[in-house]
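Based on these hints, arrange chains B and C on the given structure of chain A.
Protein chains in written order, with my numbering: chain A, 1 to 312; chain B, 1 to 533; chain C, 1 to 294.
FYI, nobody ran anything at the bench for these hints, they're computed from the structure. Note that this is a predicted model, so its numbers are computed, not measured. The hints are all genuine.
Simulated DEER-style distance windows between Cβ atoms: (1) B:S454 / A:A98: 52 to 60 Å; (2) B:S454 / A:L197: 24 to 32 Å; (3) B:K399 / A:L197: 45 to 53 Å; (4) C:L30 / B:H14: 18 to 26 Å; (5) A:G194 / B:E241: 47 to 55 Å; (6) A:P123 / B:E172: 36 to 44 Å; (7) C:L130 / B:L358: 28 to 36 Å; (8) C:L32 / A:E159: 39 to 47 Å; (9) B:N297 / C:L32: 49 to 57 Å; (10) B:G322 / A:G73: 53 to 61 Å; (11) A:A98 / C:T198: 55 to 63 Å; (12) A:G194 / B:E403: 48 to 56 Å.
Quick list of in silico lysine-lysine cross-link-like pairs, DSS-like style, CA-CA up to 30 Å: (13) B:K359 / B:K443; (14) B:K300 / A:K302; (15) C:K122 / A:K3.
For each residue, glycine too, the CB sits at the ideal point set by N, CA and C.
Below, each chain spelled out in residue letters.
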Amino acid sequence: MLKFISGRLLQAIPVLFIVITATFFLIHSAPGGPFSADRAVPAQVIKALNARYHLDQPVWQQYLTYLGDLAQGDFGPSFKFPGRSVNEMIFGSLGTTAELGLYAMLVAVIIGVLAGVVAALKPNTAQDYVPMSVAMVGICMPSFLLGPLLVLVFGIYLEWLPISGWGDIPGDKILPAITLGASYAAYIARLSRGGMLEVMTQDYIRTARAKGLPEHIVIIKHALRGGLMPVIAFLGPAFAGLLAGSFVVETIFQIPGLGRFYVQAAFNRDYTMIMGTTIFFSVTIILFNLLSDILATWINPKLRHQSGGAES
Amino acid sequence: MALLEVNNLTVSFHTRNGVVKAVNNISFTIDKGETLAIVGESGSGKSVSCYSLLNLIPKPPGKIESGTALFSGHDLLSMDEAALRRIRGSDIAMIFQDPMTSLNPFLTVGEQLIEPLVYHRSYSRTEAAQRAIAVLDEVGIKNPAAAYEQYPHQFSGGMRQRVMIAMALITEPKLLIADEPTTALDVTIQAQILALIKELQQRHNIALLFISHDLAVVSDIADKVLVMYQGDQVEQGSRDEVFKHSQQAYTQKLLASIPSGAKVGGEAKSANALLQVSGLKTYFASRSGSWFKRKKNLNKAVDDVSFTINRGEIVGLVGESGSGKSTVGRSLLQLLPVTAGSIRFDDQELVGMPAKSLKTMRRRMQMIFQDPYASLNPRMTVFDTLAEPLLLHGLATKKTVHEQVLMLLDDVGLARSSLRKYPHEFSGGQRQRIAIGRAIATKPELIIADEPVSALDVTIQAQILSLILELVEKHNLTMLFISHDLSVVRSLCDRVLVMHHGHLVEQGDTEAIYQQPQHPYTQGLLSAIPLLE
Amino acid sequence: MSEAIAVYKQAEQGSSLWQDAWHRLQKNKLALCGLMVLILEIILALLTPWLAPYGYEQQDLALGAAPPSMEHWLGTDTLGRDMLTRIMYGGRVSLMVGFIATAVALLIGVVYGAVAGYMGGKVDALMMRLVDILYALPFMIFIILLMVIFGQNILLLFLAIGAVEWLTMARIVRGQVLSLRQQEYIEAAISIGLGPWTIIRRHIIPNTLGPVIVYTTLTIPSVMLLEAFLSFLGLGIQPPQSSWGLLISYGVETMEEYPWLLIYPGLKLSITLFALNFLGDGLRDALDPRASKD
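Isolated chain A (complex conformation):
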């Protein structure tokens, strides 16, 4: 198992390197710079700013300098917010986004798995059709549409829940978490239904029933592990999707999270901020992909032994 994890971590290094390099040169090959948008600033000031942030140097030299700083864990200063470092800004807003992501993930997994398993137990009955129809709505209703609609209904017409902010008023975390998690709950519901249906036809489920086990034991102990394998494999990609979704949800609900920062930084051409957040997002996505793989391996004894657990 340890060998497997360390192997995967080693593989992540070239991926990360590609991300850093590609992003860096992409940004620097773009027309215009971070200070060219502000027309009010006189030319010599721009020149001074460029010099201060080493933007007058050749790109490869800037790249090497950046890599050097990065190796020491320094993402550099923000171009748009003078005096503040990117590290400071990322870690300042990280907590909010992490919390939002966590709640959304909980919404997605709990509702999704429950709905999927319930539907799979009685396929082609109302118990199947109702949750699966709701899931279809969830898939076809993107977060940027669902969010405003939820605000309209629960925030404005019914006045049950606050419509913006994060942690200011009690209950203001409910709508963002649902908005972000809903479509993933729908995907997970469909995946777990499919997985459970597949597993329930397996011979070993028949064996479990032939042993006279109560049906809830058959489902929870014998079927669930196999049935949820597709869901576990989906958790990595789902996390990447949640991060992207947080850009929209944080914009809609005016939440001061990392996603909103990223979109702003992109619009402002805040080079160091873009680099910093991109690298940060990439690392977390890679880590979550790894985590979902480890989970899948850990649950499936066959994979566990193949990946070196049996020998070591």
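Then chains B and C, alone, in the frame of chain A:
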């Protein structure tokens, strides 16, 4: 009073295409310690009737229409699910056909073993574990304490079936239902498992309901036999009544379909070699480990095999799974890269032959595959499948191809009207006829048949075998017949090659080998064959 | 020849797997509805310039944002432009992005996957390694970056979306080809003496088509969703052009006062996604060989 008394059991399946009666009015009884075997071909309803007793058929579409099944005086069919659950795995236990898929891959063997004790007998986990290890020992698992902690995939097929048996017997049931328990196993393993079941049955005085398609196995194990055909009960009686004095046409046909005895009319063949194989080696390199630390494992599937096939001969190649017999067949046809050795066909070397000359050689040697469901392209009609080799090798023109394909259909005994049909519209036996038609289309000299009848029911198997014999005579074919079924090989082949772990351990005239095997492996193999007495 | 034709006519006409699939699809009412909605939308999009009740740029500033009425069935926006007209024109862009970007993904994915699967061995390992690495990249972030830096160019949008979506297609096709290569009928084709290209053309491609069609149908909605997502963030389609995503983003700004500006484009997008997803699900059920047994 009988332990189990089934009366007028009728089960049907309600599908979109109508109601299918899977089991029609079946009655039987089993006494304590007795063995009743239900035999039949696929679709005969033999499994459904047993699964219905314990309410293990999928509902819907399955429905038990009528009947009673008195087990120790209580009717299983009218019992509620909770009461039935107390009997399943407790007084009535089951073992299934495929030990690979019947054990849960996510749980340890021990965890699965103790479940019946914990749920039915209220054992604590420690007590249950002790008993489980004792039972594992009893069914012949070496080092049972270690096996208790292992997962199913760490066991071989035979060992897994032993685990299944341990799991079934752990609560000391009164009745054991065994659904084709040895069908997925090699013949030597089958003999061991059958002996184990018999021994345990006698020791614990268990009644056994044994479901099988294999009459030889049944004649070996059963006290009473029930023959089923398409849901109906054909006949029922003691083993001797059914096997020796049956008056029923279907039973007689079934018995006659079993290949037995030596080949008839095996006149002397020419000594003119068509295929000479010497020092054939086919290795597979498999990689394991991570992407950075690759380990190369060499699997010597075929290791230094030499033999000759003369014109007009049918040569059998026998061996158990993993012996490398199929790899030999594919290597001969250059479907797999050969590692070393020489294959001479009509005095021309095939190994390393350039693609262009190989194409002309391919016309002269063809293959029939095991699985008639996988060996035909599902999106091509019978006409397309049969016309393809004819047109490719210029054996037919666009004008004549139609007539030639029709003649091929006649040859393999398929209706001319099936020309425009697709493979999925045929039964397994008919599909195998199409595949045979494709193989003989190019008028080849050598045919390599890789388990051509293993996937078929015994009556269909007999038909296909007689078709093969007929075609060999008619077209003067030479054949390498690869099979695990020693009885089939004996009834068909002039000479036999025996493979074990990639090596050719013995070869010679069929009767010489069957009557006086020299190699210990061949001796073990032959003694393991279940025979009709 | 006439004899042959006579026999042809006598012969029972078999039903191919495609015909079977079509029969199964016809039984699936939801999928058929999806197909119908989709065909209707495509026709509507093609004929928009002639069918739209108003001009695309036609404003009625005096009217302003008006709720649905007899003159303006779906109301007007803050500049007094007819919403029905704008949704129709927006649909042209949304559908076009969906179809073209999917076509890009299809082309790259099928060729790449088929080559990797058929070559096998080291070539396959290397090609799939590249796909794995690309999979691990945070693509959403890259697309956002691309759109910001190189301006909101619609061509770039096709390329960027297509470049993400081909990965899954390549994996599916490669998996199919790989499993097909081990089928006995491919071995039979080799032993008959057919060359590799004939085998690919006659035996492999027809058998990979099913999953490719299904996945294509399911890729279109996810591409449209991606476009709408980017447009919502202001990174996709730019005014004066419009798409459903962009209309939704305008609608959100004024949803408290003029909810119809949000609800109608949202409804339109959702209905289209529904239609495509139902059709995709239906096709999957119809083409799944396992489903053919019951």
